[in-house]
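Each chain is listed here by its residues.
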Amino acid sequence: MEKKKLRSKKGAERATRILIYAVLIVISIIWLIPFLLLIIQSFNGNAGGGYGNSIFPEVWTFDNYVKLFTETDFPKWYGNTLLVSVVVTVFQTAIVLVTSYALSRLRFKMRKPLMNLMLILGMFPGFLSMTAVYFVLKEIHLTANPLGLILVYSASSAMQYYICKGFFDTIPKSLDEAARIDGASRQQILWKVILPLAKPIIIYTVLTAFIAPWGEYMFASLIMRGDTSMYTVAAGMKEIFLSQGNEYKYFTVFCAAAVVVSIPITVLFIWLQRYYVEGITGGSVKG
Amino acid sequence: MAEVSLKHIYKVYPNGTKAVNDFNMEIKDKEFIVFVGPSGCGKSTTLRMIAGLEDISAGELKIGDLIVNDVEPKDRDIAMVFQNYALYPHMTVYENIAFGLRLRKLPKDEIHKRVTEAAEILGITEYLGKKPKEMSGGQRQRVALGRAIVREPKVMLLDEPLSNLDAKLRTQMRAEISKLHSKLQTTFVYVTHDQVEAMTMGTRIVVMKNGFVQQIDTPKNLYNYPENKFVAGFIGTPQMNFFEGTLLKSGENVVINFDNSEAEITVPYSMLYKTKPSYLDGKTKVYIGLRPEDISLASDDVKNGKAVIKVSVSHKEELGSETLIYGDINLNGDGYVESSTRIIIKDNCEREINAGDLIDVALNLDKVHIFDAETEASVLPRIPEYNYLDCEVKGGKLGFLGTELVLPEAVKCADLKGELLIPTDAITFDGNIKAEVAACENINGVNLLALMLGGKRLYAVAPSLIGDKTVNIGVDLKKITIISNGENVVSPMPEINRFDCTFEKRKTVEKVEANGKVKNKKTAIFGFNVAGAFFKSSDDASQKIFAALGIKKAFSAPLKLECGVCDLHFTDSGIAAVAEETLDYGKEKFLKCKVGENTVYVKTETEYNGNVYLLPDFEKIGVVETEREIKII
Amino acid sequence: MVDLEYLKMSPLQKFWFNFKAFFKGLPSKFSAFFKAIPKKLYKLWLAFAGIFLNIGRAARDGDWKTRTSFAVMGFGLVARKRYLRGILYFLFEVLFVLYMVFFGGKYIAQMGTLGEVAEVAVKDPLTGITVYEYHDNSLLILLYSLLTIFIMIAFVYMWYQNVKSSLISQQFVEARMHLPTDKEEIHSYADENYHKTLLSVPLLGLTVFTILPIFFMIFIAFTNFDGNHYPPANLFGWVGGENFANLFGGGVAGNSSKFAFTFGQVLLWTIVWAFFATFLNYILGMLVAIIINKKGIRFKKLWRTILVITIAVPQFVSLLFMSQIFSDQGLINNLLVKWGVIEDAGRIPFLSTDGTLARTMIILINVWIGIPYSMLICTGILMNIPEDLYESARIDGAGPFKAYMKITLPYMLHVTTPYLITQFIGNLNNFNVIFLLSGNVPISSDMYNAGQTDLLITWLYKLTMTYNEYGLASVIGILTFVIVAVFSLVLYNRSKSVKNEEDFM
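Residue numbers (the working numbering), protein chains in the order written: chain A, 413 to 699; chain B, 139 to 771; chain C, 58 to 562.
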């Protein structure tokens with residue numbers, strides 16, 4: 413009797429496990445198929461493959477990639493994006509780190525109001541400010557110039573202090589106090605105590621800062637609209653490849669471009685995945 | 139290597155709560171001071187104020203000869219050990235210890251020498267290359283100690299350094315810290331909530347509760363002479379037994395009655411000489427405290443003991459060397475729950491005792507403590523405040539203890555029979571009453587003299603130890619109180635005058651000679667406005683007021699100026715006062731005056747009428763902010 | 058209290074109780090929020106009054122050096138040997154005056170009209186041909202006058218600081234207290250005042266590129282800036298509250314009632330969308346996380362990585378690709394036609410004409426995008442749940458489902474509340490998903506320039522970028538902001554984890 417019950421329990425467990433594997437496989441298919449399709453379409457030799465009617469193309473070809481790098485401005489966009497994202501990463505990381513340090517470790521009168529202000533500013537629909545930003549940039553002759561984009565992306569980075577501050581908050585306060593008694597100024601505490609302990613969050617900030625310009629489309633297309641060769645990849649792919657009437661012609665090229673854009677970011681991401689997970693779970697979600 | 143002096147230290151938070159209240163203490167060089175108390179009592183806050191990690195709301199903190207209220211922690215020459223060690227996780231032990239020295243830019247060789255020395259003292263040389271993560275709690279705490287001693291600070295501050303360690307390690311580290319103290323010969327200030335740590339390590343202990351200092355004394359005195367019920371209960375394990383009861387004097391004995399119990403014991407009145415007589419009326423509720431170790435089950439003690447009571451045993455705890463027996467003096471009571479009749483007995487039990495037994499126990503009456511049920515202050519103070527005597531006034535003469543004193547004009551009263559209160563410090567040694575010296579002891583620097591007069595005891599504070607058999611004494615009549623039918627017929631004269639005042643800025647024009655020319659130089663001066671009169675304050679005093687109140691608030695906050703009766707003098711122009719009457723105490727005369735709302739007294743030689751002008755001695759004044767009741771000077 | 062009664066309830070009753078309590082509490086939460094406003098305003102007023110009090114005090118108590126600082130900034134400081142600050146104040150004053158005289162002044166003067174002449178005829182002296190040149194530009198006038206106002210505010214602030222620190226220096230000297238020397242002051246910027254050093258650059262960026270544009274937008278809401286009044290060829294001007302009146306149906310424009318209707322429709326869909334996008338993702342993500350982390354399931358890392366890859370691919374790539382394959386002529390429709398599931402004429406309008414279908418598709422695709430994120434977060438928290446909680450539950454006889462309901466879910470909800478709030482607010486403004494997926498949905502005829510799937514924010518985008526209705530768009534922008542801000546301030550400031558910030562230290 414006992415034995416039978418035990419066995420039936422084991423059987424039920426096995427059944428659930430099989431069910432779970434089935435679900436996981438289905439999930440994996442659902443999540444992977446679009447990307448496989450994307451890759452396959454990038455090798456599609458039929459003109460306007462997206463509007464074809466088979467999963468696997470009749471003609472396999474590298475033409476899309478060749479076309480991408482020879483006939484379009486894509487290499488320029490790619491270079492622009494790389495430039496912008498590297499510089500933005502430097503600025504944004506610096507700004508986010510110092511803002512978080514100030515808001516987390518230092519105590520001053522305007523601290524709480526400042527945090528609330530940044531919270532409120534973050535709720536403003538970002539592109540509503542685009543018109544004004546555009547004219548500000550135009551007045552200082554930075555439109556159609558990667559510098560302008562860098563400025564826009566970096567300028568409001570302070571608002572992204574939240575996760576990083578959450579991380580800093582978890583470093584015990586007594587470390588600062590011990591350092592102060594040891595004779596360190598607040599500046600020395602930042603450089604010699606806090607930053608060496610903040611490696612995970614620094615990597616997280618670098619990662620997010622680096623990835624963002626690759627996917628940002630609105631500001632890039634507005635600020636660079638004077639010169640389409642200055643676009644970033646996101647703006648270019650949306651505005652040129654998929655502009656009204658062009659989708660048909662450029663769809664497979666778009667797919668090729670998507671693959672080229674995704675590869676470095678995916679590699680980077682999977683390499684630093686641990687820090688990313690630590691960042692979003694440790695920082696924004698605290699018990 | 140320095141003294142630390144805390145004068146009227148306050149910590150007041152913006153919402154008005156006071157974390158530390160009027161903390162006063164002189165810590166001598168090389169002392170090991172322990173702050174102890176339950177969590178939230180303000181002990182850590184006080185320590186952090188000494189460290190400079192917390193602002194001081196008011197008061198004066200001195201380390202050595204320097205006022206350090208506004209000095210950054212790094213410039214105070216202190217070192218601190220934290221409860222959670224606060225080691226820098228990314229640095230090796232060596233770097234952790236050297237960090238402070240490197241920041242101070244010491245030469246490399248010197249750093250190396252000091253670090254290795256400190257590591258040797260603490261026995262962590264082999265771990266110098268490791269990171270804190272790889273070490274155990276005890277080792278980490280040693281590193282934290284190393285980081286502190288390597289700086290050779292004037293004062294070592296330790297904030298619950300052993301709380302995170304397990305029991306065995308704690309005992310071991312306790313000894314090591316004591317050893318370190320005797321080796322380094324510096325001042326240690328140690329915070330803990332564990333009274334055992336406090337008792338074993340401290341040369342003096344500060345017991346705190348709710349921001350107030352309860353008692354500052356040596357471990358032994360804290361144990362033997364707790365000043366209130368809190369201290370009595372906090373020091374010693376298991377806790378002191380407290381019973382509710384009453385005291386009734388009958389003849390030369392005092393009967394102690396326990397509430398909710400049949401128990402009743404008799405003690406000789408001599409034990410309660412210092413107690414205020416009103417406690418002995420058999421009605422006033424008191425707590426009777428007796429430590430578990432002062433209760434005995436031994437058959438000899440029980441047989442010969444004078445104070446034997448019955449206890450019903452509820453359960454016991456065997457500790458090996460001794461047994462804790464829990465019971466109740468209320469024979470129907472429950473010894474499991476703490477109550478006013480529960481009793482704990484510490485005994486090295488010879489005979490078998492079981493739950494439910496009814497046993498006789500002998501109380502060691504020499505060690506009994508009695509506390510007021512409401513104020514919880516000890517009613518057996520080591521230095522009594524007053525002598526409580528019966529007296530009779532007849533024809534302008536005060537009769538007490540078989541002697542008579544002529545009452546001067548100021549304290550003259552109608553014929554009555556009543557009670558006389560003479561403060562212990564009101565007995566002078568220049569009178570003509572002959573008294574026998576019964577005993578003389580030095581209690582924390584105060585010489586307490588027990589005198590015999592008319593067959594009764596009289597306590598007095600003497601300026602020095604007196605070896606004579608008899609002394610001639612007198613009574614300072616301005617300090618006495620005579621009570622008749624529950625009313626104060628004669629009240630003591632206040633010793634401190636208080637004036638309402640504000641702090642003000644004035645401009646003065648000085649003639650300054652420079653380059654052979656006489657120039658008018660305008661300077662701003664600060665001072666007190668007392669009833670319209672302005673007195674310049676010393677720079678020191680002004681700065682204390684600014685520090686406590688801020689420059690803006692200093693000029694608007696209501697203040698009280700305090701000065702002793704003898705530190706107030708007559709002048710030609712000063713605080714205008716209206717003389718009300720002259721109080722003649724025989725040897726001395728005092729003038730009672732009105733300054734605005736305040737009544738003040740001033741020593742005088744002649745009689746005055748109408749308006750007089752007064753001047754306080756500004757060397758000896760005190761200043762209190764009335765809004766938050768903070769003593770500034 | 059009802060504690061005991063509460064404890065006796067079944068889980069369902071408890072949930073219902075909490076659910077009701079939440080909604081019952083909501084009005085009081087809102088009212089508490091609004092009630093706190095007068096108190097805050099009073100505090101603000103006190104701070105404001107304090108400023109004037111300080112100035113008054115400086116005028117009354119100050120000596121001639123301090124009083125000179127009223128006109129010559131920094132004088133009182135230099136006179137008391139605080140050269141560094143004094144000279145900086147003075148330089149600031151000089152620069153400000155120069156700026157106002159040569160630049161800012163003329164824009165401020167034009168602010169009332171936003172320009173009067175759009176073009177002027179200029180006769181070329183050489184050729185004699187009359188050319189039209191742009192003259193006033195309303196946009197630039199508004200922008201620069203705003204900038205000038207900002208600079209003026211900064212100047213007033215600096216001026217006040219100058220007066221205050223002059224007075225304080227004077228008082229310090231008088232009280233014979235130690236006044237910080239220049240050297241000490243410089244050092245303090247690496248120590249006590251380090252926050253000023255650190256925050257100056259981030260805040261400057263924020264002011265110029267975020268705060269200034271926001272004020273610009275708010276002002277635009279009170280103008281008639283649209284396609285017919287588009288600088289530099291045309292000027293626009295102030296119209297007061299006309300745009301707001303239009304929105305609420307009382308305006309003069311013929312479209313006003315349609316406009317109000319559209320706003321209602323779009324707002325409703327925005328909230329529905331945010332709700333689904335947040336909670337559906339969260340719950341499904343948690344389920345996936347739980348089954349992946351279930352004991353005995355192998356290849357955990359593989360399953361997780363498969364999902365994580367989808368985060369790594371830039372979101373805009375996935376969204377655009379999805380919008381392409383689900384389009385009317387897209388791969389999915391083509392395949393369905395080929396396999397004979399549908400007729401060629403009956404192509405399924407996944408993301409186009411059918412509003413309801415498009416909305417459903419968007420939510421589903423968003424689930425596809427969002428699950429990996431919530432899975433990652435839930436995994437992190439799941440691993441943090443102490444194992445002994447489950448062990449004690451097992452000993453108490455709880456099965457996996459019970460353990461989930463009693464331990465996992467409450468723990469997750471407790472920990473992730475701030476995350477959910479952030480997500481909800483983020484989804485209210487989620488531009489990317491809607492715009493990239495269904496940006497080309499035909500405009501619905503009964504709505505004012507909006508499609509069925511438009512959120513407030515994408516509608517806004519269309520109004521500005523496609524139709525140049527800047528004035529109207531700004532109004533919607535302000536309203537969107539108010540809605541989002543009130544939501545989040547109420548939720549944030551009432552949630553425990555934000556309040557107890559110091560507890561984590």
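The hints are simulated quantities; they were obtained by calculation from the structure and are not laboratory data.
Glycine included, each C-beta is placed from N, C-alpha and C at the ideal position.
Hints may be right or wrong, so weigh each one.
What the hints assert, rightly or not - Listed below are the simulated BS3-like cross-link pairs for lysine-lysine, each with C-alpha atoms no more than 25 Å apart in a straight line:
hint	chain 1	residue 1	chain 2	residue 2
1	B	K698	B	K725
2	C	K221	B	K690
3	B	K645	C	K138
4	B	K200	B	K156
5	A	K604	B	K423
6	A	K550	C	K519
7	C	K97	B	K691
8	B	K725	B	K532
9	B	K769	B	K690
10	B	K690	C	K352
11	A	K611	B	K268
12	C	K163	A	K521
13	B	K454	B	K505
14	B	K212	A	K521
15	B	K243	A	K604
16	A	K550	C	K351
17	A	K422	C	K138
18	C	K138	B	K657
19	A	K604	C	K253
20	C	K351	C	K459
21	B	K387	B	K347
22	B	K268	B	K292
23	B	K269	A	K585
24	A	K604	B	K730
25	B	K423	B	K441
26	A	K585	B	K271
27	A	K604	B	K698
28	B	K269	B	K292
29	B	K660	B	K649
30	A	K604	C	K240
31	B	K212	C	K240
32	B	K156	B	K168
What the hints assert, rightly or not - Computed footprint of chain A on chain C; a stretch qualifies when at least three of its residues, placed anywhere within it, have a C-beta under 8 Å from a C-beta of chain A:
hint	stretch
33	154-168
34	241-251
35	374-383
List, from low to high, the hint numbers that the structure doesn't satisfy. As far as the earlier hints go, 1, 5, 10, 12, 16, 17, 21, 22, 24, 25, 27, 28, 32, 33 are violated by this structure, in ascending order.
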